[in-house]
Amino acid sequence: MGELTQAIREHAARLLQEGRVDVVIGFKTGTVPLRAQPAFITEPEQAAELVHNSFCQNNLASYLTRRPDTERIGIICRGCESRAVHVLVSEHQHDREGLYVIGVPCAGIIDRHKIERQGELDLETVEVWEEGEEVIVALDDGEQRYARAEVLDDACLRCAHPQPTDADLLLADLPDNGASVDRWAAVDAFESLPPAERFARFAQEAERCIRCYACREACPTCYCTECFVDHNNPRWCESMVTAGGTHAWHVIRAFHQAGRCVSCGACERACPMEIKMTYLTDKLNYDMAQQYGFEPGMSDDATPPFAAFTLDDADRFVR
Amino acid sequence: MHKIVTKKGLPTLIEAWQRQAVVYAPVHNGGIPEFQRLGRGTQAALYLRGNTRYPPKSLFISQSETMFYAQGTALEQVPLPTAPRVILGVRACDARATQLLDGVFGTDSSDPSWVRKRERTALVGLGCTKPGATCFCSAVGSGPFDARGVDVMLTDLGDAYLAEVQTDEGETLLEGMPVATQAQVEAAHQLQEAAASSMEIPFETEGIRDVLYGLFSSSFWYEVQQSCLGCGVCTFLCPTCHCFDIVDEVQRRERVRNWDSCMFRIYSQEASGYNPRPTNVERTRQRIMHKYAYFVENHGEIGCTGCGRCVRNCPVDLDIRQVIRDARSWAEE
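Chains as they are written, first to last, in the working numbering: chain A, 1 to 319; chain B, 320 to 652.
Among these hints, one or two may not hold up.
Stated by the list, open to error - Only some residues are given here: those of chain A computed to face chain B with a beta carbon under 8 Å:
| hint | residue |
| --- | --- |
| 1 | Ala36 |
| 2 | Gln37 |
| 3 | Ile210 |
| 4 | Asp230 |
| 5 | Met240 |
Stated by the list, open to error - Distance condition first, Cα-Cα at most 30 Å in a straight line; then the derived DSS-like pairs of lysine-lysine:
| hint | chain 1 | residue 1 | chain 2 | residue 2 |
| --- | --- | --- | --- | --- |
| 6 | A | Lys114 | A | Lys283 |
| 7 | A | Lys28 | B | Lys436 |
| 8 | A | Lys114 | B | Lys436 |
| 9 | B | Lys436 | B | Lys326 |
| 10 | A | Lys114 | A | Lys276 |
| 11 | A | Lys28 | A | Lys114 |
For the record, the hints were derived by calculation from the structure and aren't laboratory data. Glycine is no exception: its CB is placed at the ideal position from the N, C-alpha and C atoms.
Produce the complete structure using the sequences and hints provided.
In structure tokens, the structure reads:
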């Protein structure tokens with residue numbers, strides 16, 4: 001057991017013991033290799049179930065809007081999860097007072113699809129563990145070693161702020177690597193393509209969609225009670241898995257994230273068809289940064305540019 | 320009757336089938352392996368160890384299916400398919416699922432499209448010599464070489480397949496293939512037994528229906544569903560989930576049916592606004608109980624074939640094997 005897991009267990013047990021929170025949301029060991037399960041700990045003695053490693057693929061902040069309003073929640077947060085918490089607080093989805101943010105360092109999430117594919121083709125993963133910068137996969141016939149960067153989730157490779165912001169408790173320090181990563185590489189690569197190729201790339205991804213909405217449900221900032229796609233009178237987009245239906249879903253889903261996406265990549269990790277979609281939300285984030293100097297989720301009181309209005313707005317942009 | 324199909328000879332056999340029928344098989348083009356129509360340049364990827372991620376049920380009830388077109392005030396029926404089909408490389412769990420769904424679509428109030436596609440389709444099964452870690456067919460009354468529902472069951476012998484003929488249709492498909500030797504049959508049976516005994520039984524199914532009925536109003540379901548995101552991965556990838564929603568696509572002038580999922584909030588939302596399954600608790604209970612209680616009630620069999628897709632692909636690792644195990648221990652307490 002790692003030091004971090006140990007610290008998480010101790011603090012979770014303490015917070016429950018002291019009555020500071022009603023539940024601690026973290027992760028526990030999964031039933032299959034490469035996986036972890038979100039865990040909801042309500043008794044101090046259950047805290048021993050908590051673990052933390054690079055296989056914790058979900059954004060735990062997505063549970064905040066699913067829990068009872070009255071519950072006081074302790075939540076284990078990496079950088080992206082803390083940003084999602086700030087977005088939810090700034091959008092009045094949760095009172096900050098009812099939350100206790102336990103910040104943890106993050107070395108990135110391992111994209112299980114990069115490893116798991118092997119199991120569908122040939123060899124099954126029996127066990128997997130991390131040794132420093134290496135990920136070791138025991139297969140039912142042999143062993144495979146990966147450098148962490150090879151199997152890291154794309155969103156984590158582009159992550160500028162793995163360090164949690166504004167946590168109530170920070171379990172370890174990690175340098176912010178904002179300056180050292182190329183955040184917009186995927187956006188630049190996509191934008192440099194001629195329009196026809198861009199569309200072809202988009203269509204190739206979107207048309208694999210089976211409309212299970214795992215991307216929406218895994219997203220901490222997708223919390224509408226009724227999603228536009230579920231509205232049936234009038235219907236906003238085609239219901240089918242046709243090009244019309246899947247294109248509309250992917251474009252509109254992304255646009256609803258303008259100034260709100262925390263770039264955690266939970267949508268792509270949840271997708272059973274391995275559809276790339278963060279290049280769309282990253283582009284919106286790029287525009288937010290360039291045009292408004294805004295980055296989603298950096299504090300509790302920042303209003304996203306598209307959610308801001310003033311009564312004396314002169315509307316000078318209208319001609 | 321046991322026949323032998325060499326791996327070298329398989330493409331020729333497939334070509335022979337293609338003269339009469341459209342042939343589908345798992346195809347791997349570098350992405351996610353899936354069932355595709357074999358044509359020029361697409362090869363059957365029977366070497367794949369695991370199952371396709373997207374279930375072949377889509378070949379019988381496609382995810383979005385047009386029921387009829389509106390032409391002015393007239394309605395134009397979509398003609399039922401006529402071409403015979405062969406689906407090669409179907410795993411036992413998926414073939415079994417198709418058979419279970421015959422009980423839903425193929426009986427009293429039969430579904431013309433389903434029945435027609437079933438009539439015109441031969442299934443050539445491929446047994447699993449190396450079942451995966453998330454497979455549990457043998458726990459739900461089946462097994463890696465369960466031949467119910469297939470016309471032929473193949474066993475991979477290395478350089479050839481032993482083909483166990485199950486039906487007259489299967490016999491026709493293998494016409495002209497050499498008869499297997501006793502040694503080949505024995506070798507195949509050894510592989511089959513080794514595969515079956517390599518599988519762990521993750522839970523007992525004895526009396527599971529009554530265990531779940533007993534838990535119907537229990538807080539068990541609240542506990543189980545806490546991590547569930549309410550997406551449709553488990554149900555859409557499930558080979559036995561078969562719910563659909565009928566939609567009038569007015570702009571296309573079509574009435575279509577799309578797969579639907581009991582895990583979606585709007586699935587049970589009524590026109591009045593009332594929702595009899597208002598939270599994820601009732602919806603999770605519905606999914607599990609449909610397979611392990613209601614299906615047993617209605618069809619006398621468990622409505623899960625243990626393919627493991629829901630286990631493998633759930634975004635939060637909500638493992639149905641664990642749910643059934645936990646239900647049992649919860650009921651005992």
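- Evaluation of the interface hint that places isoleucine 210 of chain A against chain B, nearest CB under 8 Å: Nearest chain B Cβ about 5 Å off; hint holds.
- Hey, does the glutamine 37 of chain A contact hint survive, CB to chain B under 8 Å? Holds: closest Cβ of chain B sits about 5 Å from glutamine 37 of chain A, inside 8 Å.
- Message: alanine 36 of chain A was flagged as interface toward chain B. Is the shortest Cβ-Cβ separation under 8 Å?
- Response: Since the shortest Cβ distance to chain B is 7 Å, the answer is holds.
- For the pair we were handed, lysine 114 of chain A and lysine 436 of chain B, check the Cα-Cα distance against 30 Å. violated, 36 Å
- Message: Would the hint on aspartate 230 of chain A be counted as holding, given a Cβ-Cβ threshold of 8 Å to chain B?
- Response: OK, holds: aspartate 230 of chain A within 8 Å of chain B, min 5 Å.
- Query: Quick one, is the methionine 240 of chain A hint okay against chain B at 8 Å, beta carbons?
  - Reply: Constraint on methionine 240 of chain A satisfied, holds at 4 Å.
- Hinted pair lysine 28 of chain A and lysine 436 of chain B, Cα distance within 30 Å: violated, 45 Å
- Between lysine 28 of chain A and lysine 114 of chain A, does the CA-CA distance stay at or below 30 Å? holds, 22 Å
- Keeping to a limit of 30 Å between CA atoms, is the pair of lysine 436 of chain B and lysine 326 of chain B held or broken? The given pair, whose Cα atoms are some 28 Å apart, holds under the 30 Å limit.
- Quick one, are lysine 114 of chain A and lysine 276 of chain A close enough, alpha carbons at most 30 Å? holds, 13 Å
- Please work out if lysine 114 of chain A and lysine 283 of chain A have their alpha carbons no farther apart than 30 Å. holds, 24 Å
Consistency with the previously given hints fails for numbers 7, 8, ordered from lowest to highest.
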